[in-house]
Every structure is written in structure tokens, then in C-alpha cells.
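S.K.: Starting from the structure of chain P, add chain S where the hints point.
Quick mapping for you: the protein sequence lines, in order, are chains P and S. Residue numbering for the first sequence is 585 to 1169, as defined by this note's numbering. Residue numbering for the second sequence is 2 to 233, as defined by this note's numbering.
Computed footprint of chain P on chain S; a stretch qualifies when at least three of its residues, placed anywhere within it, have a C-beta under 8 Å from a C-beta of chain P:
id, segment
1, 81 to 87
2, 93 to 103
Lysine-lysine pairs mimicking PhoX-like chemistry, simulated, CA-CA at most 20 Å apart:
id, chain 1, residue 1, chain 2, residue 2
3, S, Lys197, S, Lys228
4, S, Lys111, S, Lys176
5, P, Lys610, P, Lys633
6, P, Lys1088, S, Lys11
7, P, Lys1053, S, Lys11
8, P, Lys696, P, Lys633
9, P, Lys1002, P, Lys1053
10, S, Lys160, S, Lys127
11, P, Lys1010, S, Lys11
12, S, Lys11, P, Lys1002
13, P, Lys1113, S, Lys11
14, P, Lys1160, P, Lys1029
15, S, Lys228, S, Lys216
16, P, Lys1053, P, Lys1088
17, P, Lys1029, P, Lys1063
Just a sample of chain P residues kept apart from chain S, beta carbon distances all over 10 Å, derived:
id, residue
18, Ser593
19, Val628
20, Glu666
21, Phe736
22, Leu745
23, Ile749
24, Ser757
25, Phe869
26, Cys935
27, Ile939
28, Ala965
29, Arg1038
30, Asp1100
31, Tyr1137
32, Gly1138
It should be emphasised that the hints constitute simulated quantities derived from the structure, not laboratory data. Even glycine gets a Cβ: it sits at the ideal position worked out from N, Cα and C.
Read off the chains here:
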Amino acid sequence: MNAEILEDSTYRLNIQQVTTPDFSAKFRPSRQEIPNLGYTRSAVWVRFKVKNLTFSDPWVLQAAYPDMDNVEFYSGDGLDWEVQELGQTLPFYSRKIISRDLLFPISLPFGKERTFYLRYQNETGMTLPVRLLSSHQYQNFALKEQLLFGIFFGFMLVLSLYNLILYVKVRESGYLHYFLYIMAYGLFQFSLYGLAHQYLWPGWTWWARHNVPFFLAFAFFCRTHFTMSVLESQGNTPRLHQALKGLLVVPILFSAYYGLTILDLLPSAMIVDTRAALVISAGYFFAFTIVIFILNIRCLGKKVPGALSFLVAWIFMVSGLILYGLKTSGFFASNFFTEFGMLVGSVGEMCLLFISLGERIQAIKREAQEKHRRQQQAIHAYQDEQIRAMRLELELLKANIQPHFMLNSINAAIMWIKEDPATAEKLLHALSMELKLLLKIVGEKVIPIDEEIRICRMHLEVMSLRHDKSFSLRLEGIKDGEMIPPMVFHTLVENGLTHGYAGKESGVFVLDRVEDEDRIRFTLFNDGKTGDKIAESSGLGLKYVRARLGEAYGRNWRLDSHSVDGGWMVAISIQKQGTTVREAP
Amino acid sequence: MRILIVEDEKVAARGLQRMVLDILGKEISWIGWEASLDASRLALAEKPVDILFLDLNLNGENGFELLQGAVAGSFHTIVVSANEDQALRAFEYGVLDFVPKPVSGERLQKAIARVKDANYTGKHAKFLPIRKPKGVALIRLDDVSYFRGEGNNVEIRLKCGVSEYHRQTLESLAKVLPTQFSRIHRSYIVDTRDVKGVVAHGGGRYEIILISGTKLPLSRIHYKDFKNVSLS
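Next comes chain P alone, as it looks inside the complex (with noise of 0.2 Å):
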């Protein structure tokens, strides 16, 4: 078919003029295949002659792209002429053949040849692939497109209800921009191909010619929502974040502006036509591209979780993207693979950023275990914190008022009424002394070091009466009121007491405080009787006395036991606040 070319770019001519022969000379045939005078205002005239040389009839002529704002069809003898007109700009229900294309049907008797004019309007580009087709071959062509389409659309509508659904469920926003961006994007492509205006707006013309690019920054807009949060551009790339924010702006503002044209509220002067609308969309598109390029470039290399799909996905939906335009544009002829390579790539890239979407649903998961996990471990310390501090408690109670301690001095004191009532009665007095500090004492972490002085003498005295001796405590440079863990010298007294004095008459103990820069050292003498059993069998007592001394002062705090000249020495040294403990020598 060899088709010739006028461009009008005064926008007047009608068919009378263009059929005379002034303008008849001004017709150039088109080089190209596929004719493409790129994004053009004016109006294109399309002139053909077809020779019916089949038997084959009725036939169609595929005139434009579904997108073709209108193109008007002339048939006749070269005087009169019959006008057929198609296009976005008009309801679809006025077509005579039911199709997403644009299509002419033409009649021509055999061996008949006839002259035939296209006239064309298009803000959007102006690439004619202008086929002649037996009806017979068209059906054949769309049935298989129209299942090709029906998988498709098939797939993106199932995917994104099944997103909506888990978003429903999950509560995980990613679903939720997930399902827009498909939602979006499917609406985009849905209107692309002409079915939009066919099943969704069949009369709404003015939305079917400007529906393009509002689906396709909605699309962006939800696509950048999704990257956002699942590579957590926030933390992750902090300031590729920010650019992507800015970049939000286009597609906000984009939106904006279509819906204040579709309500008829903005003034004549501020509607930019479609054509500026695409140029912005493809300026925006390539910043975009950029930004969410070295994003998740970045991300991968940080290993966030489902970065690589995130990418592979990127890809191929701005491959299908280009193709798409490189197609449109007629760089490409127009083959399957150009026709429905953006459909493939979508299914591609939807399976990806779903695969993605996952991989950062794991994440979180694995994360909100770690964190759970993590405030289990954070209770049980403050429970086993809680736990130490009542322990201690029970500690006290449990070794001092243990029924071993008392029944022995019960027992002493029975036996001593049938000796010598007065000293049953001592000791009696002594023990119920003993008895009635320790519980005053009970639950403080720390007390008056006087007062531990005090139940350190009583118990000394039970002992003596019980064992029939004398135990005796000596204090050295003691600062009535010191603040002190509560039993620490008692038990150390005690366990002197068990371990030293088997087969000696009487004892002494001397609890002596020295002060210096930036410690106080306390040391118990007593002079019982020393041995490595006694460190061995001891071990419960200096354990509680750990325990109390790490509850009062944190770490800053050393103990030493070991036998001296004589006896046996405890030292404990505390590590005045604002000085650190220094390694013994």
C-alpha cells in the first residue's frame, strides 16, 4: 500500500481542498513503513489507493493506534465523499465495529481501484500504522490478541486483589501500595490499548483522551510508596529517601491538576495540553528512573532483604516502558514482541516486586521476632533482678533465723534452765534481740553500720552462751552511721564463728575501717583457727555477701579472705563514687 503524506498545519483544510491539485502535489510518500511524524500539532492527511484484486470482502482498514485523538475516514468517487469518523475524542458506542482498534470498513467490487483520504488529529504523536486487513485475517488477529490481553489483565487483577486481601489481613502497608501500583498501572495499560474506553468510559471521551497520564503518575506515585517502604529507603538511604520524597511531588501535583480539569475547576489558561503533560511525564520518568536506580543499587549493597528482586523488577518495567515508547515512536516496527513486550514485562515485574514484597515481609517477621525475643530477655533480667533482691531477702531471713540456728539455741537454753536459769535467761534475751534487729533490718539494702554492729554482738553473745565461751567483737575507726549492705559483716562473723573455735575456750573478732583517697577498706580479724577447708565450706556465706556487695555498689568493690597470722582476715574495699577500682598488686 503506498501511502502519501500531507501535513496541515493551519488545521483548516477540508476534503474539497486537499483533493485539488495544488494540494494534491503537496502529498510526499512516506519513506517509513510505519509513517511517524513524531509529536506534531497539526492535522496529518493520509492519502492511499487500493485495487481489489481478491475475491475477499468485506475488508478493514486498522487506521491509528487506540489512542488516536480522531481520525476521519474519506470514501467516494472524488466528488462526492462519504466521512466515517473514529477516535478517543468520540464515545465508543458511536463505532461501527466493535473494537478496541480504529477501524474502517471498506468495500470495494473486484478489480475496482479506488482513491481513499485519512485525516488525522493527535497530540500525543503522530504514528500511523495504517494496515488493510480482510475481516477474515482481523478476527483471526484479535481473537488471539483478546486472549492475550484476557490473561494478562487476568493476572494483574488477581495479584492485586490478592494484595488487597493481605493487606486487609496483614496490616503491612506494603501490600496496600503494592495493590495500588498494580491497580494503577493495570488502569494505565488497561487505557493504552484502547479497552479502558472500550469496557470502562465508552462515552466519557474527554477522560478517555487524558486518563493516560494520570494512571501513569498514580502508578509512580504508589511505586514510590512501595520502594519506600519496602527497602526502607529511610534508614537505609537516607538522603536518596529525600529526593525520592521531592520527586513525590510531580505525580501529587500531577494528580491534582487532573482532577481540578475533570471537575471543570481550573481556568482555561492553566490546561496544559496532553502533549506538555508527556513531556513532563517522560522528563519526571528519567529523574525517577535515576533516583530509584542508585537506590536500590545502594540497597543491594547494604543487603537489604529483597533488594535484588526490587531491581531485577525495576528493570524490566522501564525496559517495557522504553520498548513501549521506542514503539509509539516508531523506532521499532511494530512486531508481537514490541506490541505486547511492556505486557510481558509487567508480569515479570509484578512477580518480582510480589517476590520482593515478601522477602521484606520475612524480614520484618525475623525482626519483630529478634525485638520480641529481645524484650523477653530485657523482662527476665528485671525478673531475675527482682528475683536476686528477694533472694538476698530470704537469704537473711533463711540463714539467720534458719530453724537450725533456733532450735540449737532453744535447745542451749533448755538445757541451760536445768543448770543455771540466769543464763538460759541471757540467752533467751540475746537471741530475741538478735531476732527483732534482723527483722527491722529485713528488705533494706542498706542500714546504719552500728546497727549491723549490734546484731553482730547479739549473735556473738547467743554463740558464747551456747557454747559456753567467750566471743568478743573489737571495733576500729568504725563512723557510727556509715551506710552498709545489710548482714555482710554478721555472716562473716558467723562463718569465723562455725569454722574456727572447735576446741578453743574463748574468741575475738576486730572489725577495723580504714579511709584513704578513693576507697574504704574494711577488714574482720578473728582468730580462730585457718585452713583451706574453711575457704572451701564457707562458700555459701561469701556468696550471699557478694550478692549483697554488688547490689550496693555495682562493681566498685573487691573482696579478699585469706588466713593471716593468727587467724583469719576478710577485706573488703569500696571504691569511693568517681574513682575506679584498681587492680590489687
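M.R.: Coordinates of chain S only, in the frame set by chain P:
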């Protein structure tokens, strides 16, 4: 009767000694007091005693150490302690009684009565500590098939066929053994669960057959306890 008190507190020991003297009076031929494990072991090795009064907590030393050795001796051990939570364990090791502190005269009298009561048997013993050249070994009473007395010694026949020897009279031992053990003869005590049947030979001669096939003499006075056990 010779008595040793092991107690780390002088006042308690003195009091206990006085109470024991009140109860046994002239029956006592000697009564002594030791405060530590080592001294007690020496005392026990030096002169045999009939009753040992033992405190389980001696100046931080674990009285159970002495307990195992003590019960392995031919005398009876009565634990006197404030640690009542250790009573059960003490009984498992075969002590005759556990007198809790503070000691009451009444309770002490009951414990001493057990020593004198020939028919008294313990219920709780699970182990029998016996002296070995290298120290004290614990025999699980569940592993014992029968005891055979011979003067001041006892042969302990284990179910696995091995014999152990223990220095104690069968009469003294009978008091601490749990109820599953039954006297069948002047010289024998068997684990009744190990008895397969009884054979009457006529003329008042009876024999017990153990599961292992071993035959042991059964005296006429004990025959009534086994009448119902027929040989299947």
C-alpha cells in the same frame, strides 16, 4: 552400756549427757563427749560403744560423713539434731532414731527404748553402710537377698550372688532393717520378696527356697509366717 555423745556445742552436750544419765542411770558403764568428727572417729576406734548420739552439724562439718561410718559400726546410732529435714535421709542410712532439738526427755526415752526393744524394727532404711578396708561402702538393701549371722559378724548375701561381710550382730541389725526383711532362723534374715516357697521335711524340719534356688533353714517358730507360701 557404753555411750558416746558427738555434739559441737558444749552446753547441748552437757544437757544431753545429763538427760541420758537420768534415763539409763546405772545401766551406763561409760559416757563420753566429743565435739569433732576426727575426735569421734578416734574415740569409736578406741573403745566399742553401744549407743552413739550424733549431731549432724558439727562446726560446719557434715555429720553424715560420720553417720555412714557410725552406722557401719556394731552400735546403734541415734541422731540428735535441729535439722529435721535431714531425718528421712538419716533413716535411709539406717539410724535407729532421730531425736529433734530441742531435746525433750520423753522423746529421748522413747529412742533409748528402741535400743532395748528386741522386737523393734525400722522401716526407713534403704542403705546399709558397711566398713571396707578403704572406708565405708553403702549396700542398697534392695540388693540384699539374705543376711546370715555368725557371732558378731554378718554375711550379707546379695541377689547377684556376691557376699559382703559386716561387723554387727544379727539382732542389732534386725532393728534397722525395713519390714520386707523377716527373721527365719536364729542365724538368718531374708528378703521375703525373694522367697519362692517353703518345703516341709517332716519332723519339724523346714526349708525356705529362694528364687535363686538357695535353700535356707526355717525354724519352727518362724514357720507360721510362711505357712501360706506354697511351692508352686
